[in-house]
Amino acid sequence: MRLLNHQPQRSTSLLLAMIPFVLLAAIYLLNSSLRLADNPEDKLLPSVAQMVEATKQMAWVEDPATGSYLMLEDTLASLKRLGMSLAVVSILGLVLGLVLGTIPLASATISPLVAVFSMIPPLAILPILFIVFGLDELSKVMLIVIGITPMLARDLEQRARELPKEVLIKAQTLGANTWTVMIRVILPQLVSRLITSLRLLMGSAWLFLISAEAISATEGLGYRIFLVRRYLSMDVILPYVLWITLLAWLTDYALKKLHQCWFPWAEGAGR
Amino acid sequence: MSFISFQNVWQRYGDHVVLEGIHLDIEAGAFCTLVGASGCGKSTFLRLLLGQESPSKGQILLDGKPLSAEPDPSRGVVFQKYSVFPHLTVLENVVIALELAASPVWGRFWGEKKRAARAQATQMLTRVGLEHALHQYPASLSGGMQQRLAIAQALIAKPRVLLLDEPFGALDPGIRKDMHALLLSLCQESTLTVFMVTHDLAEGFHLGTRLLVFDKVRIDPHAPKAYGAKITYDIQLNQDRQSQRAQVATLPSHVLRSTEVES
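Taken in sequence, the protein lines are chains A and B.
Counting from 189, one number per residue, gives the positions in the first sequence under the numbering used here.
Counting from 2, one number per residue, gives the positions in the second sequence under the numbering used here.
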């Protein structure tokens with residue numbers, strides 16, 4: 189059988205998926221133990237025990253200076269920023285995408301502007317954001333909003349344009365006006381696309397969040413990583429990175445499940 | 002005076018002439034089937050009637066008034082594909098037709114009005130044989146069921162003209178026959194004027210009371226796009242059906258109601 193026709197079974201593909209992870213872990217553990225055997229003070233590749241100890245310290249031991257649990261505090265601070273930004277991004281992106289994708293006059297006026305804005309590297313204007321919005325929460329939220337909204341709006345605009353024109357004509361023959369076509373026909377279909385687009389844009393959202401926190405914050409996952417970097421605390425950095433990865437994966441999974449649950453019609457299945 | 006009238010209608014895109022000099026008078030209640038080779042302007046003719054395009058020359062009159070240049074509720078349509086809203090269930094797809102027509106701000110009904118609309122939609126769906134699929138989404142329906150839904154959706158809005166763009170082109174012959182029977186019985190009940198584009202000549206002859214053949218009269222081999230298609234044959238068919246309908250339409254409404262109950 190040709191290679192391109194060879195479909196792995198479910199159990200086989202699970203096993204195949206495990207192999208790279210196991211290999212990676214094995215390589216890490218081997219090198220870590222080799223370096224630690226050479227020099228027990230080595231900080232670059234900490235052992236699992238060291239990482240567990242450091243994580244315990246961050247997660248379950250009260251910080252003597254502030255009286256709080258650092259990892260919990262960092263996580264909540266980061267998730268709050270991310271959640272606020274994504275709420276703003278979703279609403280802005282949806283409104284822009286809906287209006288630009290539906291009304292040719294609005295698109296002719298504003299689409300070029302959105303296209304230019306989406307080319308600006310958001311991190312390049314971070315200093316401006318700090319100057320304009322201060323060093324507080326607002327500037328971090330704004331970075332994510334400015335970074336992601338143009339991309340999302342352009343994507344949703346495109347999606348709205350891709351709706352078959354037959355559907356829009358049909359709505360008009362049933363007596364719809366521009367507004368009711370937008371809210372009854374296009375918007376519900378765009379919300380479904382919004383969830384899919386957000387899943388793709390989550391990576392960028394985390395990137396902007398960690399960057400903003402690294403530069404100016406007093407708590408947050410990105411802040412912590414860049415703080416302990418000064419002490420070469422790989423035993424804290426690595427668990428934090430794993431934790432962020434897990435959070436990102438969980439958000440992605442939650443969005444996927446939400447989509448299946450809210451938009452059964454888009455999954456091609458009956459109720 | 003005729004119901005729909007084409008007065009010297011031309012349609013050209015750039016220097017590509019698609020239709021030339023169409024003169025046509027259609028009486029109300031006619032079932033016109035449009036046949037002809039591919040690229041002969043049948044679909045263009047339908048788009049002109051729909052208001053999706055306006056003619057480059059001449060005018061189209063509906064009841065003596067020029068046709069509005071955008072789709073509106075006077076003309077219902079069923080396309081071959083994408084005729085229904087994928088994000089709504091079968092029932093909602095028909096209810097939305099009532100809602101869009103009557104609610105310009107929210108495009109939906111609440112409470113008592115919603116219940117009434119649902120009842121009316123259910124009745125229409127039962128008429129087309131979809132009562133068992135009310136809560137399914139279009140994606141899970143077969144092609145024939147989707148077209149039944151599209152017809153129900155178009156008819157509940159009570160258009161005066163129904164435009165069908167190869168509605169049964171993608172269906173297998175058995176289902177197509179069922180759809181023909183359904184369409185004829187639905188037309189029998191109303192004074193709808195129907196235009197249907199089809200590739201199937203037998204279908205055109207079977208359904209129509211008037212068969213319009215589109216063809217190019219003049220062909221210049223050096224400039225194939227220079228001349229457009231005209232209506233070369235205009236054949237009266239099934240006249241008994243049309244006169245029967247015309248007679249039924251003259252009956253007083255209380256008689257019509259009582260016969261409906263009996264059948």
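In short, the hints are calculated from the structure, not lab data.
Do not rely on the hints blindly, as some may be mistaken.
Said to hold, decoys possible - Derived pair list, reagent style PhoX-like, types lysine-lysine, alpha-carbon separation capped at 25 Å:
(1) B/Lys82 <-> B/Lys226
(2) B/Lys159 <-> B/Lys82
(3) B/Lys159 <-> A/Lys353
(4) B/Lys178 <-> B/Lys66
(5) B/Lys114 <-> A/Lys353
Stated by the list, open to error - Facing chain A, according to a computed beta carbon distance under 10 Å, are these residues of chain B, among others:
(6) Val10
(7) Arg13
(8) Leu63
(9) Phe80
(10) Val85
(11) Pro87
(12) Ile97
(13) Gly144
(14) Gly145
On a predicted model such as this, the values are computed, not experimentally measured, just so you know.
C-beta: ideal position from N, C-alpha, C; glycine also.
| query | Looking back at the hints listed earlier, which ones does the structure fail to meet? | reply | Violated hints (numbers, rising): 1, 4, 5, 6, 7, 8, 13 and 14; every other hint is consistent with the structure.
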